[in-house]
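Undergrad: These protein sequence lines map, in sequence, to chains Y and H. Taken in order, the first sequence gives residues 1 to 383; the numbers are from this note's numbering. Taken in order, the second sequence gives residues 1001 to 1123; the numbers are from this note's numbering.
It should be emphasised that the hints constitute simulated quantities derived from the structure, not laboratory data. Certain hints may be false.
With a Cα cut of at most 30 angstroms, we get these calculated BS3-like pairs of lysine-lysine [claimed, not checked]:
| no. | chain 1 | residue 1 | chain 2 | residue 2 |
| --- | --- | --- | --- | --- |
| 1 | H | Lys1098 | H | Lys1044 |
| 2 | Y | Lys360 | H | Lys1098 |
| 3 | Y | Lys375 | Y | Lys98 |
| 4 | Y | Lys93 | H | Lys1044 |
| 5 | Y | Lys270 | Y | Lys375 |
| 6 | Y | Lys98 | Y | Lys270 |
| 7 | Y | Lys270 | Y | Lys93 |
| 8 | Y | Lys360 | H | Lys1048 |
| 9 | Y | Lys93 | Y | Lys375 |
Treat the numbers as computed from the prediction; the structure is a model and nothing was measured.
Below are the chains, spelled out letter by letter.
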Amino acid sequence: MSDYDNGGGEEGPEIENELLPLDAWHRARGGRMVPFAGYEMPVQYEGIMAEHLWVREHAGLFDVSHMGQLFLSGDGLDAALEALIPADVVSVKLNAQKYSLLLADNGGILDDLMFTRWDDGIYMVVNGAVKYDDIAHLLDHLPDDVTINHMADAALLALQGPEAVTALSRLVPGVEALVFMTGGRFTWQDVDLWISRSGYTGEDGYEISLDAEHAAAFADALTAEPEVRPIGLGARDSLRLEADLPLYGHDLDPETTPIMAALNFAIGSKRRREEANFPGAARILAERESGPPLRRVGLVIEGRQPVREGGTVVDQSGAEIGRVTSGGFAPSLNAAIAMAYVPPALAEIGTVVQLSQRGKLHSGTVTAMPFIPHKYVRAGGPK
Amino acid sequence: MSRYFTQDHEWIDVTGDVGTVGISDYAQSQLGDIVFVDVPEAGKTLTKGDDAAVVESVKAASDVYAPASGTVLEGNAALADTPNLVNEEPETNGWFFKLTLSDPSELDQMMDETAYAAFVAGL
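Turn these sequences into a full structure, and let the hints steer you where they fit.
TA: Structural data, given as structure tokens:
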């Protein structure tokens, strides 16, 4: 027996992996540690299926400290950042959070990221696997007046699920007043916390940044709440797949534009489209008007066998016309699902496409995403 | 009946010239939640080491190799509807396929239960 597909790992060459601030904490709780994005990370505790379903019903604590936390400050920061990402940075209000993309000159995606306006600058979270590349890119392209601080001593925890608000507000009163994609500063037992109401599972929930030295104590306090269990990366991957949240290095890469990736909302500001001064604007805006050569879609696979990253979309003669970039078994749907890039003619909901994996043909039906509805708590929505 | 194990974590129970093949409890625990198993059809001829079956967990797909050469008698039809039998009863009802052995001497190269337990303990 042998594994030939890890369906979401990012193992590189054999190099020494870094340890998370919570490494011992995970091991003490039975986390099975695997190499991912240059770190030893917990892939699962009790099992991916049970952990996934627990998050959808209750609340799960994820350690995402491998991600890069950056703080940017200095004169002219907004305009300088707009030269690198397509977001309308200028209009982002204090404590508001936005999703955006770091773009190459040709419009290819170098990373996806979240940024928030703090009173003294911009806080940014980037993917762990490419954080050093991102920092180098930012250092190369931002003017000298802008300072980049890599918050390497900060841990990042994500508490996700419908009961996250109940558990977290017991420890940190006030977080219940936040709405999706906003944040604020809080304290817990004299520990400073930055908390935003956001995450990457499709559920309501929070991301919490704090000094690494306090992370274990805070994780202990959270998991002492009856709603909260520690959850591994395996369930994080299946949750984000069900929620139509693309993963950098898999669903997004430098060959992909935001329009191909169906992230049109990331180019959402009329002003930025008219100014057309973000990297790759000509290509991206042309694709937005006339359609991209390939487009990311969701697929439900016939039968229970997953078609995973590396599978191909094929035409009648078996020739490759697209590719699967993420795939797996969706615990909430009890079905195999995937994200794939297909020609626009096949991107309509309900289209049946043929897939090839390890010499076997599968069929998949293009399905509206997210596969599982988002449960974000938005401003003005029901509380 | 004798049971043998491979270093790739297949087991085979042999009665006469018929072998029943599955994966070990250690293997299922490493794979995690199993969601799909593709077993070979009756009549398929396998050579020792061939890809014989595919087992898919939530996270990953794995090949199961034929631990010995022979002709498949049947695949375990129960796995189509209840693939988690492999998690729950890996070394009994979660078997993958039965085959008629063409060269029983191949079993001599495999581990018995005691040797396999020692092998797993060293991993």
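Undergrad: Going straight from one Cα to the other, do Y/Lys270 and Y/Lys375 come out at no more than 30 angstroms?
TA: Holds, at roughly 27 angstroms.
Undergrad: Checking one constraint from the list: CA of Y/Lys93 to CA of Y/Lys375, max 30 angstroms. Satisfied?
TA: Status holds; Cα separation ~23 angstroms.
Undergrad: Given the hinted pair Y/Lys360 and H/Lys1048, is their Cα-Cα distance within 30 angstroms?
TA: Satisfied, since the Cα-Cα distance of roughly 22 angstroms is no more than 30 angstroms.
Undergrad: Check whether the Cα positions of Y/Lys375 and Y/Lys98 lie no farther apart than 30 angstroms.
TA: At roughly 17 angstroms apart (the allowed maximum being 30 angstroms), Y/Lys98 and Y/Lys375 satisfy the hint.
Undergrad: With a cut-off of 30 angstroms on the C-alpha distance, tell me whether Y/Lys270 and Y/Lys93 pass.
TA: holds, 17 angstroms
Undergrad: Could you grab the alpha-carbon distance between Y/Lys98 and Y/Lys270 and see if it respects the 30 angstroms cut-off?
TA: holds, 16 angstroms
Undergrad: Within 30 angstroms, alpha carbon to alpha carbon, are Y/Lys360 and H/Lys1098?
TA: The hint holds at about 23 angstroms.
Undergrad: For the pair supplied as a hint, H/Lys1098 and H/Lys1044, is the alpha-carbon distance within the 30 angstroms limit?
TA: Distance of about 11 angstroms is within 30 angstroms: holds.
Undergrad: Does the alpha-carbon distance linking Y/Lys93 and H/Lys1044 stay inside the 30 angstroms limit?
TA: The given pair, whose Cα atoms are some 66 angstroms apart, is violated under the 30 angstroms limit.
The structure is inconsistent with hint 4 alone, although it conforms to all the rest.
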